[in-house]
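In case you want the letters, here they are:
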Amino acid sequence: MDFVNAVVQGILLGGLYALFAAGLSLIFGVMRLVNIAHGDLIVLAAYLGLTTTVVLGVHPLVALIVVVPVMAGIGYVLQRGVLNHTLGDDILPPLLVTFGLSVIIQNALLEGYSADPQKMDAGVLETASVALGPLSLGLLPLLTFAIAVAVIAALQWTFYRTPLGRAFRATSDNQDIAQLMGLNKRHVFGLAMALALAVTAVAGILLGIRTSFDPSVGGGRLIFGFEAVIIGGLGNLWGTLVGGVILGVAQTVGATINPGWQLLAGHIAFLVILAVRPNGLFPRISG
Amino acid sequence: MPEPILTLTGLNAFHGDFQALYGVDLEVNEGEVLAIIGANGAGKTTLLRSIAGLIGNEASQITYRGRPIGNARPDVVAKMGLAMVPEGRQLFPSLSVEENLMIGGRVNRAGPWNLRRVYDLFPILEERKAQASTSLSGGQQQMVAIGRALMANPDLIMFDEISLGLAPVIIRDIYKALPGIVGGGMSAVIVEQDITKALAVSSRVYCLQEGRVSLKGRSDAVSREDIARAYFGVE
Ligand SMILES: Nc1ncnc2c1ncn2[C@@H]1O[C@H](COP(=O)(O)OP(=O)(O)OP(=O)(O)O)[C@@H](O)[C@H]1O
Ligand SMILES: [Mg+2]
Numbered sequence: 001m002d003f004v005n006a007v008v009q010g011i012l013l014g015g016l017y018a019l020f021a022a023g024l025s026l027i028f029g030v031m032r033l034v035n036i037a038h039g040d041l042i043v044l045a046a047y048l049g050l051t052t053t054v055v056l057g058v059h060p061l062v063a064l065i066v067v068v069p070v071m072a073g074i075g076y077v078l079q080r081g082v083l084n085h086t087l088g089d090d091i092l093p094p095l096l097v098t099f100g101l102s103v104i105i106q107n108a109l110l111e112g113y114s115a116d117p118q119k120m121d122a123g124v125l126e127t128a129s130v131a132l133g134p135l136s137l138g139l140l141p142l143l144t145f146a147i148a149v150a151v152i153a154a155l156q157w158t159f160y161r162t163p164l165g166r167a168f169r170a171t172s173d174n175q176d177i178a179q180l181m182g183l184n185k186r187h188v189f190g191l192a193m194a195l196a197l198a199v200t201a202v203a204g205i206l207l208g209i210r211t212s213f214d215p216s217v218g219g220g221r222l223i224f225g226f227e228a229v230i231i232g233g234l235g236n237l238w239g240t241l242v243g244g245v246i247l248g249v250a251q252t253v254g255a256t257i258n259p260g261w262q263l264l265a266g267h268i269a270f271l272v273i274l275a276v277r278p279n280g281l282f283p284r285i286s287g
Numbered sequence: 001m002p003e004p005i006l007t008l009t010g011l012n013a014f015h016g017d018f019q020a021l022y023g024v025d026l027e028v029n030e031g032e033v034l035a036i037i038g039a040n041g042a043g044k045t046t047l048l049r050s051i052a053g054l055i056g057n058e059a060s061q062i063t064y065r066g067r068p069i070g071n072a073r074p075d076v077v078a079k080m081g082l083a084m085v086p087e088g089r090q091l092f093p094s095l096s097v098e099e100n101l102m103i104g105g106r107v108n109r110a111g112p113w114n115l116r117r118v119y120d121l122f123p124i125l126e127e128r129k130a131q132a133s134t135s136l137s138g139g140q141q142q143m144v145a146i147g148r149a150l151m152a153n154p155d156l157i158m159f160d161e162i163s164l165g166l167a168p169v170i171i172r173d174i175y176k177a178l179p180g181i182v183g184g185g186m187s188a189v190i191v192e193q194d195i196t197k198a199l200a201v202s203s204r205v206y207c208l209q210e211g212r213v214s215l216k217g218r219s220d221a222v223s224r225e226d227i228a229r230a231y232f233g234v235e
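Chains L and D, in that order, give the protein sequences.
Be aware that the first sequence starts at 1, since it is given in our numbering, and climbs by one per residue.
Be aware that the second sequence starts at 1, since it is given in our numbering, and climbs by one per residue.
Treat the hints as calculated values from the structure; they're not laboratory data.
Among the clues, some could well be false.
[Stated by the list, open to error] Label-pair restraints from in silico Cβ distances:
(1) L:L274 <-> D:G111: 44 to 54 Å
(2) D:P68 <-> L:G100: 50 to 60 Å
(3) D:R117 <-> L:V149: 36 to 46 Å
Here the structure is a predicted model, which means the values were calculated and not measured.
For glycine and all other residues, C-beta sits at the position ideal for the given N, C-alpha and C.
Sequences and hints are given; from them, build the entire structure.
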């Protein structure tokens, strides 16, 4: 029973990891940018959520109404103002610049909020649970998973059914020719980063309700996001959800065997899949 | 005296440190079909990419309807009414046939061309519209590339070696469609290795040799000998 429970909890946790990963995946897919600061941006979103709940006295989920557009705006400005200038044939500049950004965000959060762990108060949502046969499922994990599925479905729809998604795919395929179609690639990249950070906002708020956080936890979220993306296969959004679920299940099952093995089990699952399927489980079919 | 829609004045274009064009003077008149010929590496693609804004130049070296565009961004140039059918087609592999055409219409210029008319011009594309563009034959891909450029309703359309790598029958079909494309007052620049084809469809011709204009004249007036000399630089 413990085992079944662990698997189910792991699946639900995977939803959160998929949310960490979706923005990374989107950015890499559209502009081949590996954003080292992604985890710190998730933490930034959590802090913005915290401030919003405190200042406006609203529920963390209501704070999404503020944090999502703010993070999207930050994403657009960051891309147009900084990251676009790092993109080119050389992959090193974006890595270095986003690494620097990661350090800056962490230090700014330390200055602004101190190193003390913080948490958002979501009231009954944190403790409420639903009985499913012998299992008791937390409402928050269930909601997180449902939101993850909805977000990924929305991203998928945007990518494959809208003019914006067409612009993303075309720019990803061939930047030169995309520009001949009247697309300003800097603007397209700005919109992609805005969308990615909008998703990051959701991830950050759900993270901040689920666990306590401090300015240093971004790196760990980045790793989980990376692992989910790679397991699922680069550029495949539903694959990213599966990747998150596999990572979540490995962690919770590992923790049932030995509480100290949670993170290790996740990393081992990642390495095993990478060894067996170097392109991930569902790589995007190219060409 | 016809009005030029596009004028190049002393265009020097570079690939990094490498200079590919040297002081090219050229004009395209309103409504004409201009052919550009030249050997491999003469600079034909460089010329078209410069006009399209993919290679940055001094602003004044390229003017379009009197406006300097030598340093304009490619998306801005596209919105002004310049479209290109690039060398090697370069369709978007993650887009279906119809999506490739639709993205061509993104520049949102008014004009006669729309999906319906492109499908009327190339009916096979309508049958294949939901397929991945990469699944088409070379000739069909070229039709998509042409349709994609037309969807922008350009005033000036540039073709870079549309017959490259295609079977003769296909080339004939595509060239048969050309009058229907440029007949409506659209100006065109055609870069072509096949000199006979180039001369047959154009009113004037330029020959490039190692980045310089080595010959210009009326397509029905230049002689084979002139062209051979301009092409290879031999006496
Ligand atoms: N990206 C590049 N970097 C450096 N040099 C380049 C680049 N592209 C072209 N060149 C050089 O510029 C010159 C002109 O090339 P361009 O492609 O314009 O010729 P072309 O006339 O179109 O030839 P082709 O008939 O082979 O298409 C050539 O010497 C070529 O080697
Ligand atoms: Mg060429």
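Going down the list of hints, with the structure as the test:
In this structure the hint that L:L274 and D:G111 lie 44 to 54 Å apart at CB holds, the actual value being about 51 Å. Range check, D:P68 to L:G100: about 38 Å between beta-carbon atoms, so the 50 to 60 Å window is missed. Judged by the Cβ atoms, the range 36 to 46 Å given for D:R117 and L:V149 holds: they are separated by roughly 41 Å.
Violation of the numbered hints given earlier is confined to hint 2; every other hint is satisfied by the structure.
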